[in-house]
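Work from the hints to combine the two standalone chains into their complex.
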Amino acid sequence: EAGVAQSPRYKIIEKRQSVAFWCNPISGHATLYWYQQILGQGPKLLIQFQNNGVVDDSQLPKDRFSAERLKGVDSTLKIQPAKLEDSAVYLCASSLDRLNEQFFGPGTRLTVL
Amino acid sequence: ILNVEQSPQSLHVQEGDSTNFTCSFPSSNFYALHWYRWETAKSPEALFVMTLNGDEKKKGRISATLNTKEGYSYLYIKGSQPEDSATYLCAPNSGGSNYKLTFGKGTLLTVNP
Numbered sequence: 001e002a003g004v005a006q007s008p009r010y011k012i013i014e015k016r017q018s019v020a021f022w023c024n025p026i027s028g029h030a031t032l033y034w035y036q037q038i039l040g041q042g043p044k045l046l047i048q049f050q051n052n053g054v055v056d057d058s059q060l061p062k063d064r065f066s067a068e069r070l071k072g073v074d075s076t077l078k079i080q081p082a083k084l085e086d087s088a089v090y091l092c093a094s095s096l097d098r099l100n101e102q103f104f105g106p107g108t109r110l111t112v113l
Numbered sequence: 001i002l003n004v005e006q007s008p009q010s011l012h013v014q015e016g017d018s019t020n021f022t023c024s025f026p027s028s029n030f031y032a033l034h035w036y037r038w039e040t041a042k043s044p045e046a047l048f049v050m051t052l053n054g055d056e057k058k059k060g061r062i063s064a065t066l067n068t069k070e071g072y073s074y075l076y077i078k079g080s081q082p083e084d085s086a087t088y089l090c091a092p093n094s095g096g097s098n099y100k101l102t103f104g105k106g107t108l109l110t111v112n113p
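Chains as they are written, first to last, in the numbering used here: chain A, 1 to 113; chain B, 1 to 113.
With the rest of the complex left out, here is chain B (with noise of 0.2 angstroms):
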């Protein structure tokens, strides 16, 4: 089972102020990182899959980039919204014969209007 490491646990933040989230994880056997947004009573939803070292991925005011050489992601948010209050979740997968996601605790972030 891997570890996985989210910081900071939680976070509150003004409406318009930026933000941004760590995920650490083991580099041996690094296959691919996935970051999820969960907001409550709602489905998990899959903002983006990193398998590249020097990865950056951007989804409107999101963006995320990946070092697997020392095994760790970063999630930016610009101009946090209160839509934007979730959890957001980080899993990587170690590849192999099983494809299986071991996620992390979460960052639950709060944007205040």
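Isolated chain A, as found in the complex (with noise of 0.2 angstroms):
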């Protein structure tokens, strides 16, 4: 069975920029996570998705950070204009459905000069 595909695997931009981060789930998973795992810190949920409707978007800073799943497969994380502090790695999970186990990509390392 083939995991959770991110691209790119790392990125460099300067703040102000734009970026785009993809990632397809497992085949069958309805349930598809965008987490942020700044150096030091736990993975921090960003956005939930259940098939292609949001079910949690509270800690997504909405002012720069958009999410899209459309179709319900595969989903992309934008965020425009990239900040210092948006440096690290984006990680992408998904799951059979909400409440079975989640399974991870390997991640995006951003870094914002």
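Heads up, some of the hints might be wrong.
To be verified - Quick list of in silico lysine-lysine cross-link-like pairs, BS3-like style, CA-CA up to 30 angstroms:
#, chain 1, residue 1, chain 2, residue 2
1, A, Lys44, A, Lys62
2, A, Lys44, B, Lys69
3, B, Lys59, A, Lys44
4, B, Lys69, A, Lys62
5, B, Lys57, A, Lys44
No lab work stands behind these hints, which were simulated from the structure alone.
So this is what it looks like as structure tokens:
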């Protein structure tokens, strides 16, 4: 079974630029999560989708971050414009549904200069 | 948002040593506790999901215990090997209508050969 795929693996941008990350969950998984892990902290949930609907985006900085999950499969997370404090690893995870184990992708390491 | 504490923050041991770390979390509204292992540049890997007070789970040389009444879990590694070097994350879930994991900051384990 293929795991959760993410791209790119690494990205370096300057502040005020825009960036987008892509996630392809495990086939058949209805729930998709985006986490932000800042160095020295645990992963923090940014947004959770159930199929193509948002279940929880309470910790998503909506003035600069946006995410979508068209057709309930792949998802894209965008930052526009990026700030220095957005430097982090962005993890995507998926699960069969909200009550099941989450499987993680390898993450995208973002550096904002 | 749950307050999840992990200790120690980092740990250096010699190959063959046994070690353990702690995860503490609020005992109220407990539903489940997840342990993950996250090696550098790889995907976080699920180790255990624990739900019942007194639960003890084992996977090879790694085991974990759970005390939901006092709100803590221990992770033990017997005879540490260099390949055990990773960050170990715990994440309780308080249940309810939204199954959301709240991660601790993790324990970074380095096993020296």
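A quick look at each hint next to the structure:
{"no.": "1", "hint": "A:Lys44 x A:Lys62", "verdict": "holds (15 angstroms)"}
{"no.": "2", "hint": "A:Lys44 x B:Lys69", "verdict": "holds (25 angstroms)"}
{"no.": "3", "hint": "B:Lys59 x A:Lys44", "verdict": "holds (27 angstroms)"}
{"no.": "4", "hint": "B:Lys69 x A:Lys62", "verdict": "violated (37 angstroms)"}
{"no.": "5", "hint": "B:Lys57 x A:Lys44", "verdict": "holds (26 angstroms)"}
Hint 4 from the list above is the single one not met by this structure.
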